[in-house]
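Asker: Note that our numbering numbers the sequence shown so that position 262 is 250, with each residue one more than the last.
Take the hints with a grain of salt, since some may be wrong.
Below 27 Å or equal to it, Euclidean Cα-Cα: the simulated DSS-like pairs (lysine-lysine) are [said to hold, decoys possible]: (1) K99 <-> K88; (2) K136 <-> K(-8); (3) K88 <-> K21; (4) K174 <-> K91; (5) K88 <-> K(-8); (6) K136 <-> K91; (7) K(-8) <-> K91; (8) K21 <-> K136.
Honestly, the hints are just simulated from the structure, not real lab data.
In this text, all values refer to a predicted model and were calculated from it rather than measured experimentally.
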Amino acid sequence: MQAKTLFLHIGAEKTGSTAIQSFLASVPSLLRKHRYYYINPSHPSWISRSFDTRSLHCDLVGEHTRPIDINNIITSAIDLDCDFYIISSEYLYSRLRAVKDIKALASFLHKSFDRVIVIAYHRDACHLLNSLSTEAIKAGEATVWNIKRCPYNEYFQHALAFESVMEVWSRYFDDVITLSYDQAIKDSSDVKVSFLQAIRLVDHVDRAKLSVSLTIHNARITHLSTILISIVVCTLTVFPDLSFETRRKTLAVARKLIALLQIVIPSRLQKNFNPFTSQDTAKALAIASSYK
């Protein structure tokens, strides 16, 4: 029987994971042609929430929290008789923070695959902080007035402590590849090329296909979407006593309006909002260095 290899892409968040997932989902025939299979049954959190004993997925609502039969998903994928399998979920890095959860994931995957290769991207700390802060504001979890407190909460600290986190993953996975998101963008202007090189598939892919990505990554910000974002953020700020659920629903409505109008919130927005300086980043990193 041919050995089964799994490429386990764990993020981290804000390092192009969505672009990678979008591309992989768009070329199933190409992957199968070269005996690869992208295991992608639902929302990217499908695998991490199966091992998250700390219930950090409680903020993922609706279908994202429905029970999922992970054993059946893996078994069905292996029955397709491919040589290489891919799982991509940035939530593996951000949500599996307990050592026992990572250990349980490793034990489970090693029962099904002969080899598991973990792939993780890291990013310049200052750029990462600014990108995460933009997302926090979009989600209503912070405002432009209190965003500077965020680097000291557990989520941001975990994101910044990349080396410490990957040291834990290395205890339970023999093959761990860490790559620089910034270098990938510098080398090819596209993190997808870097990822395909890591899984040894880049030579088989038509470079034109690499342009496939979510609209959100290519859209241009418009005056109307800027106004809408500003109104939502100001509303959530003026009414600080709104419950977390109300704030989230308000953001959800705004996002649906934007989608209906074909106006999306691109990642470029962060270029217009960079609250963290190199000095702020240095302070946050100093604290993250002791993160456990």
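Asker: Each hint needs a verdict: does it hold in this structure or not?
Answerer: Comparing the hints with the structure gives:
| no. | hint | result |
| --- | --- | --- |
| 1 | K99 <-> K88 | holds, 17 Å |
| 2 | K136 <-> K(-8) | violated, 45 Å |
| 3 | K88 <-> K21 | violated, 37 Å |
| 4 | K174 <-> K91 | violated, 34 Å |
| 5 | K88 <-> K(-8) | holds, 25 Å |
| 6 | K136 <-> K91 | violated, 33 Å |
| 7 | K(-8) <-> K91 | holds, 20 Å |
| 8 | K21 <-> K136 | violated, 48 Å |
Violated hints for the displayed structure, listed by number in ascending order: 2, 3, 4, 6, 8.
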